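Fit chain D to the known structure of chain C by using the hints.
Chains C and D supply the protein sequences, listed in that same order. Reading the first sequence from the start, the letters are residues 1 to 420 in the working numbering. Reading the second sequence from the start, the letters are residues 1 to 261 in the working numbering.
Some hints here could point you the wrong way.
Stated by the list, open to error - Think about it this way: if two alpha-carbon atoms lie no more than 27 angstroms apart in a straight line, the pair counts; the simulated DSS-like pairs of lysine-lysine are: (1) C:Lys20 with C:Lys34; (2) C:Lys122 with C:Lys174; (3) C:Lys320 with D:Lys160; (4) C:Lys316 with D:Lys239; (5) C:Lys354 with C:Lys326; (6) D:Lys159 with C:Lys326; (7) C:Lys174 with D:Lys4; (8) D:Lys180 with D:Lys122; (9) C:Lys320 with D:Lys159; (10) D:Lys202 with C:Lys259; (11) C:Lys327 with D:Lys29; (12) C:Lys327 with C:Lys311; (13) C:Lys388 with C:Lys399; (14) D:Lys240 with C:Lys258; (15) C:Lys150 with C:Lys320; (16) D:Lys160 with C:Lys258; (17) C:Lys311 with D:Lys240; (18) C:Lys259 with D:Lys160; (19) D:Lys29 with C:Lys270; (20) D:Lys180 with D:Lys240.
Rather than coming from a laboratory, the hints here were simulated on the basis of the structure. Small disclaimer: the values here were computed from a predicted structure and weren't measured.
Residue-level listing of the chains:
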Amino acid sequence: MNIIVVGVNHKTAPVEIREKLAFNEKHVEDSLRKLVEYTHLSESVILSTCNRVEIYARAHHKEMGIENIKSFICGFHGLERTQVDEYLYSYANEETVEHLFKVTASLDSMVVGEPQILGQVKEAYSTARSLRATGMLLNQLFERAFTAAKKVRAETSIAENAVSISYAAVELAKKIFDRLDDKAVMLVGAGEMSELAARHLVSNGVKVVMVSNRTFDRAVELARELKGNAIRFENFPDELERTDIVICSTAAPHFIIKKEDVEAALHRRKNQPMFFIDIAVPRNIDPAVNDIENAYLYDIDDLEGVIESNKREREKEAQKAMSIVKKEVDQFLHWMDTLDAVPTIVALRERVEKIRIDEMEKTFSKWSGLTDKERLAIDNMSAAMFNKFLHTPIVSLKKQTESKDGHWYLKVVKDLFNLD
Amino acid sequence: MQEKLFIIALFCYLISSVKYFLYLAFRRKLLFIVANSSVAAGFVVHTAGLVMRSIQTGQGPYTSGYEYTLFFSWAIILVYLIVEIRYRIQDFGSFVVPMGFLLLVYSLTLPSETVAANPAIKLSLTLHRTLSFLGYSAFALAFGAGIMYLLQERQLKSKKFGPLFYRLPSLEVIDDINHKLVAFGFPVFSIGFITGSMLALKGKGSFFSWQLSTLPLMVTWIIYGGLFTGRIAVGLRRKKAAVWAIIGFLSVMATYFLHVY
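Just chain C, same shape as in the assembly (with noise of 0.2 angstroms):
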C-alpha cells in the first residue's frame, strides 16, 4: 500500500507546460475513471490550479504507480513523455505525505500563505470523493491535510501580512487607525494604483471618498464609481483638514503637498493623524512631512520596504508552519502503520509458535522415553496443525486490509490475541 503523487508546479514547469497538464473540470470525471482502472493505481484525487497539476493515489506498486500515472497523463492529453518528463516531479509515502500537507496550508505556493489553495484542495478531494475515485486511505489523507491547514492558519500568522503595494497601504492604514469606517480618504490623481487602494480601503470600512484630479471629468467619473465625491484639482489643499488619509499619484513634477500645508492642516483638526501614501513618481509629497508629529507618509519604496519585511516574516511563521506541518505528517504515517497488515502477522506467528513450543517442552520433559524419532514427529506435527489453522485467518486479513475498513480487522485481531 503506497501513497504517490506525481505533478508539475510553478516551480518546475513554465505556464505552457502547466497549460497544457491542466485538467478542467469536464475532463476530471472522465480522467478520475480512467485512472482507477490502471492496474496498479486504486484511489486516485487529481488537483488542477493554475500554478499545479498534481496526481495523487493509492498504488499497490510504488513505480509502476508512478508510471501508470505518467503515462495516463501523456496519454489523456496527447503529449510524448519526452515532452514531460524533466517538469514532472513524483514522490511516495511520506514524501507525499509531506508534500501534500505543505500544498494545502499554502507553504508551496507562489506567494507563501495566499489563501485561495486550501479551497482547491478540498473542491479536488470533493470531487475524487463524490466520483467514489478516493477510498479509506485517501480520505483520511486529505481530512488530516485539511486540519494541518487549519492548525497553521490558526496558530501562525502565515497569511496575515500584506504583499501588494494596495493591500500594504491597507495595513499600515489599519496600524495606524483603528476603525477605517469613520474615516475619509482623499485621492489625488487618478490612477490606477491609487484607484486599487482606494477600493481597498472602502472594503475596508471607508465610507468618505474624495477624487481630486487635473481633468475634473476623469475626477467625476471616478468618484461615481467610488460613490465619493469630485473635487477641482485647485481646491483639494482645503480638503485636507477634512481627509485622514491621502493618496496621491499625480504626473506633476514636483511637490503638490508641502509641510505647510500638512502642518496647518493638522493643527485645524487638533492633531488627528494624518496617513500619506505617495504612489507618484517623482515624488508628489514633500518627505519632510514625515516629521511633522502625527503625519505618515509612506512613498513608493516605503511601501515596497513594507512588503519586504512583511515577505521576511511570512517566512518567519512558515518555518514555525513547518513544524506543525511535521507533526501532523507524523501522525498520518503512524496512522498509516497500524494498517500495514505484517507486522501483526508476524506478531500472530510468534505468539502461536511460542506457545507451541512452550507446551511442546512440558510434555516432552514429563514423557521420558521417547525417541528422537518420536519427538520430531510431534514437532512436525504441531507446526503443521497451527499453519493449518492459522493460513485461512491471515489469508483474509491480507485482504481485508487492502479493503475500506481494513484497519478494523488489524484492531480486532490485535485485540483478541493480545498483539502489540
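Just chain D now, kept in the frame of chain C:
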C-alpha cells in the same frame, strides 16, 4: 498565612508576565490562555490575602507602606483585568502585569507590622487611600499604554518594522485606552487628593502638610489635570499624550516612594 497567599499571588503574576512575553514573541494561543488564567488566579489569592489581613488588623490595608504597596499592586491587576475583559487590547498584559508583579515583590521586602489608624479619621483615610491608589493604578496602565504607543509610533515613523510591529495594536486603539484610563483615573485621584488634603487639615491644622512628598503630588495632579483637559481643549493626544502619561507616572512613582520612606 496571608504572607503565603501573597507569595502564591506573586508566583502567579510572575508566570503570567513570562507567558505574556512569550505570547508576544511566539503567538501561541495557549500561552495567552495560561497568562490570563494565572493572572486571574493570582488576583483571587491576592484578594483573599488582603481580606484576611484587614480582618486581622480590623482596618483596611492603608496604614503602612507594606499594606498600601500590597494594595497598589492589587489595584493595578484589578484595573488591568477590567480593561482586559472590557477592551481586549492585544498584548497589554505584557506591559502591565510585570508592574503589578514588581510592586508585590517590593511590598514583601517592607516591614509588615500593623500600624493602628487613628479611629477619628479611619473612614476618610480609607476613602483617601482607596481612591488615590485606584487613580495611581489607572495611571500605571496609562504608562504601559504610553510605552506601547511610543514603540509602535517609532516603527511607523522610521518604517523599520520589527516583530513587535505586527503584534501591537493600532495607534488609535492605544491612544484611546490611554485617554480612557486618564479620564477614569484623574477624577478618582482628584477626590482622593482632596480627601487627603482635608485629612491633613484636620490632623495638622494646615490644608497641605508641607512634607517633601507633597510637591511631587502636586506636580502629579497638575500633569494629569493637563492631560485630562488638554485632549479636548488643545488637542493633547496621541504621541504627546503618551509622553505625558509616561512622565506623569514617573511623578507618581516619585510621590509614592517619598511617601513610603
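Structure-based check of each hint:
no., hint, verdict
1, C:Lys20 with C:Lys34, "holds, 19 angstroms"
2, C:Lys122 with C:Lys174, "violated, 32 angstroms"
3, C:Lys320 with D:Lys160, "holds, 23 angstroms"
4, C:Lys316 with D:Lys239, "violated, 31 angstroms"
5, C:Lys354 with C:Lys326, "violated, 39 angstroms"
6, D:Lys159 with C:Lys326, "violated, 35 angstroms"
7, C:Lys174 with D:Lys4, "violated, 46 angstroms"
8, D:Lys180 with D:Lys122, "violated, 31 angstroms"
9, C:Lys320 with D:Lys159, "holds, 25 angstroms"
10, D:Lys202 with C:Lys259, "violated, 57 angstroms"
11, C:Lys327 with D:Lys29, "holds, 18 angstroms"
12, C:Lys327 with C:Lys311, "holds, 24 angstroms"
13, C:Lys388 with C:Lys399, "holds, 18 angstroms"
14, D:Lys240 with C:Lys258, "holds, 23 angstroms"
15, C:Lys150 with C:Lys320, "holds, 14 angstroms"
16, D:Lys160 with C:Lys258, "holds, 24 angstroms"
17, C:Lys311 with D:Lys240, "violated, 33 angstroms"
18, C:Lys259 with D:Lys160, "holds, 22 angstroms"
19, D:Lys29 with C:Lys270, "violated, 39 angstroms"
20, D:Lys180 with D:Lys240, "holds, 15 angstroms"
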